[in-house]
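For the protein sequence lines, the chains are A and B, in the order given. Each residue of the first sequence is one higher than the one before, counting from 1 in the numbering used here. Each residue of the second sequence is one higher than the one before, counting from 802 in the numbering used here.
Wrong hints could be hidden among the right ones.
Claimed, not checked - Taking CB as the label site, the calculated pair distances span: (1) A/A456 / B/E963: 43 to 51 Å; (2) B/N826 / A/A763: 37 to 45 Å; (3) A/N784 / B/N826: 47 to 55 Å; (4) B/S1001 / A/K439: 19 to 27 Å; (5) A/T527 / B/E963: 22 to 30 Å; (6) A/S600 / B/E963: 54 to 62 Å.
Keep in mind the hints are simulated off the structure, nothing from the lab. Beta carbons: idealized from backbone N, C-alpha and C, even for Gly.
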Amino acid sequence: MKITFDWLKDHVKTNLKEKNLLEQLTNVGLEVEGVQNLSSDKELFKVAKIIKTTKHPNADRLKVCNVNVGEKELKKVVCGAANAVEGLITVYAPPGSIIPKTKTKLVVAKIRGATSYGMLCSESELNLSDESDGIIELSSGYEKNIGKSYFSKSKSNLIDLSITPNRPDCLGIRGIARDLAASGFGKLIDLKEKKIKSNIRQTLKVKIKKEKNQGCSIFGSCLITDVKNKESPLWLKEKLISIGQKPISAIVDITNYVMFDINRPLHAYDADKIEKGIIVRNSKSGEKFNALDNKNYKLEDGMCVISDHKGVLGLGGIIGGIRSGTELDTKNILLESAYFKPGSIRTTAKKLNLDTDAKFRFERGIDPLSIEDGLNKAAILIKEICGGKISKIDIQKIETHKTKIIKFDINLFEKIAGFKLSTKETLKILENLGFKYKKKKFFFELTVPSWRPDIAQEVDIVEELVRIIGYDKIRIIDPIKERKKSTLNKSQKLFHFLQRSVASKGYLEAITWSFTDSNYNDYFRDTKKEIKIVNPISTELNVLRSSIFSNLIIYMNKNLDRGFKDLSIYEIGPIFTGSKPGEQNIIVCGLSSGKKSRLSWIEKERNVDVFDVKKDVVQTLIEAGYKSEEFFIDDKTPNYYHPGKSGRLFLKKGADSVAAYFGEIHPSIIKKFDMKTESLLGFEIFLDKLKLPEKTLNDQKNKFKVSDYQKSERDFAFIVNKDVNAQDLINIIASVDHNLISNIKVFDVYEGDNIPVNQKSIAISVTIQSIEKTLNDNDLEKINKLIIETVENKIGAKIRS
Amino acid sequence: MSDLKKIKNELFLKLKSKLNLSEVNQIKSDLFGKNGLVSLQFKKIGTIAETERKKFASELNVIKNELQDLINLKIKEIENEEIKEKLQKEKIDITLPERPFVRGKIHPVSQTIDEISSIFSEIGFSVEEGPDVESEYNNFTALNTPDNHPARDMHDTFYLDEKKERLLRTHTSPVQIRTMLKDKPPFKIIAPGRTYRSDSDQTHAPMFHQVEGLHIDKDINMGHLKGCLNHFVKEFFELDKIKMRFRPSHFPFTEPSAEVDIGYEMKDDKIVIGEGDQWLEILGCGMVHPNVLRNVKVDPTKFQGYAFGIGIDRLAMLKYGINDLRAFFDCDYRWLNHFGFDPLDVPTNYRGLSR
């Protein structure tokens, strides 16, 4: 909502300055979004006339215009607008002026070889509207203003307010003035508006059809005959221009003026174009009409339309139609002032994807009791400016406005706001806001003003009071530093732990979108459902991610393109398994590229490999409190991993769910992403699938038990079939005697010479130590034998001699 | 005995010259070996006349000890010399670079979430969570934003079905609903998380982070709300003095509603929080609307309290001088490294939020 202090002064009498105004607006909840000085820099924008146009020598779409800007010589201006034709009166911006929209300063410039002295402006460039299709077209009435400033010389700044959707009353200057006056910023002026005095009947019959979901409940109108529509007088034009509106013609300008002044949208019809009478009804599917925005709309069932006996004239409270629109030669006017229901307006506008000033207001709720005020104010102005005769006001209604009554217990204020407000002050504020009150025994009975659809219950009254008194009056109650419940639960603690644990292994934490490109997502989707976003911001972000890999790889690739090679990044966040709330899992996903070590004076080069990521996964899980002795690993992984160089980890053999995957990313995926890297390794830890560690830091730990007896290390080399894995071998050896075998290490894996085909040698070092005594040769020999026997029996291995 | 004295003198001279360890050992065995000179003298003891024997033996022992000491000293000397030589040889250029290492980092948003949680933890809030995919009911209707409410226009919503029943939550407020449906009052929670709006330009990202706050009890009023946020803002920016302004606003799910601005000024193209006469909006809040409480079966005549929603990314930008919101999610290695935090920097109450 755009306002000026000058216009506000029509409604509020005050000695205060603009600076106070801006503060007070914000204090009562009418947030000031910006203040623009329209007058000083806008004086440069002049009314000008195109005298002659010639084709630009080097560009098909451009013209060179000779423009009369009120000076002796014509200015040469290059212009690309299609409507820049000879004879057009428009607005000229000279070099040195600042274009409001782009905030750029114009200079004399060569445009494709032709010098342009300034610019011809569109409405959007001057922030007058969003109209950027062509330059401004002014009526012939502006001929006498050529060379003069287009904008008024008013010193009042343009104040842009952000009006919250609950305050339709503040979409009119009067509503804003009322709030200001109630808060002590001057006194609300009683306007003593004139009323229509007429004996003439309104002869155009209006009927509101009583239908289900009828969107219009009241339709007020009056006829104004024998008018002469013309250009608005200067005061009116300047008023509209001062808030950034473009004057059009007196009748349109007056209805707009009334709308901005008291938030009462009106519509003027050319009464001669209405066939017989007005019928307000629900539309039928397939009905069409040409709206004032020059678009043809096809209607569905049940939209509230204003029609005559020929068809639809307009969408009630949203937009009028071309057929009955007023023009400069309009003689007889039907002025409409109606009440349309917010819900109906919103549904219709949404279906047709239409947004207008009237719609914006009606969907928030217009004062149903302002119908006559609006007609009086506009009709009398039209008569003053355009002449003519005004009929009596005709009001048709199918529902009457019900006044809202709220029982207000004055103690509620302190209960909510935390401070006291005297009854006297309470009532004064409410009265100034337009409430009426009756004192009852335990409460006040408040009548809510008709322009406040937002006020429905007691607490709304509290808000009115505290808002007008000022939020700065609320006293600060310092919080008590006391914790009754732990801040994080176990899985949240685990989240935070894993997050930092992975980072501590050299990974940079990334946060990427929860959505991704469906094409890339498919590589990692495995058997999961695709979850499409109905209205994505782009096709590259059109599905919820089934895996974090797609995004991490996309961004990893961008970093590789930046010339980085050895990168480790990770993300901890959701992936989605379904479109129902809760069908999501938290994953820790890591990705490493390039080399673990690159040419240096001290280390050999080597690529990152699967045992690096395996280490990261295993170490992270151990740090988080899981027992590595119980981990079980096999090689069944989703198809985006290298089938031979990847694994999945279970916290325990036989556990239901996979705790983590790790491995090389499948070479064909690296190819599809066109990645240039020596290696690409990844892992996924499934946080939600990790059974929470039962032990916590504050639990007692196991008894501290160590052995100081001598330990001995024995080495074994077993020849086994190729498909025997190290994990099994280790587990078998460990199972031989859990008390004596304290450590098992694989120190060599060998295939080739001296080893039969399809077999390999695994060399293992076993540490044997007793907690009770020093083992003698006999004891050691016994356990040696047992290890060899067990391994040979269980997996058909042969000890290598 | 004179023989021995002679040997001693000879040895004395010998040991003065430069010898290596095996030469010394040779001398040692020449003297003390099975047929060594000294050993032979000991064997002679029995043959000496009884009257002389005691004297001879004691003199022999003295000389033996002297000789042994001399040899041991020489061995020590040689060993020391050898270590010295070894050290000399092993001398390296210590200014050569250390072995390469990599440093992981925590994303500034995660760090900020931890900071926020730490501050609210101290004043008794616990952390709740909710899903990213929400029902239309939890995201809007339960929060007193029925269908056809103009406030829905302010949330550009991503939908997952044509009926618009499932969506990506546009704010963290549905966690209020989930929490209150799940438990009984009082409630004192914060809920940080991802939020989504189909809006994308220089200052908007389609995904961002919010933290929701909710405190419901028997007598929680606007003074508590102001106190809580005042405490939070001071702690978060780690400033004793910070200009703060509560001004009326509107959210369907709170009544009265407020937006909170903090003071700032621009110094050398950088935002300085705290003083200055410019205002910057940082959060929205208010007293939970009785309709919301009714929707979750909490009696608004018995319980009341406040809720707030803070943009986490925005806070991180302000605190850590980050200019571009989009960069948070661009995953540029250089940016992550520059703005990221060491994983060991865990924000805590006792150690402080930052170093």
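How the hints compare with the structure:
Distance hint check for A/A456 and B/E963: the Cβ-Cβ separation is about 32 Å, which falls outside the suggested range of 43 to 51 Å. Taking 37 to 45 Å as the suggested C-beta distance range, the pair B/N826 and A/A763 conforms, at roughly 40 Å. Remark: the range hint 47 to 55 Å for A/N784 to B/N826 is contradicted by a beta-carbon distance near 40 Å. Taking the beta carbon of each, B/S1001 and A/K439 are about 55 Å apart, not inside 19 to 27 Å as hinted.
For A/T527 paired with B/E963, a C-beta distance near 25 Å keeps the hint of 22 to 30 Å intact. A hinted range of 54 to 62 Å holds for the C-beta pair A/S600 and B/E963, which are about 58 Å apart.
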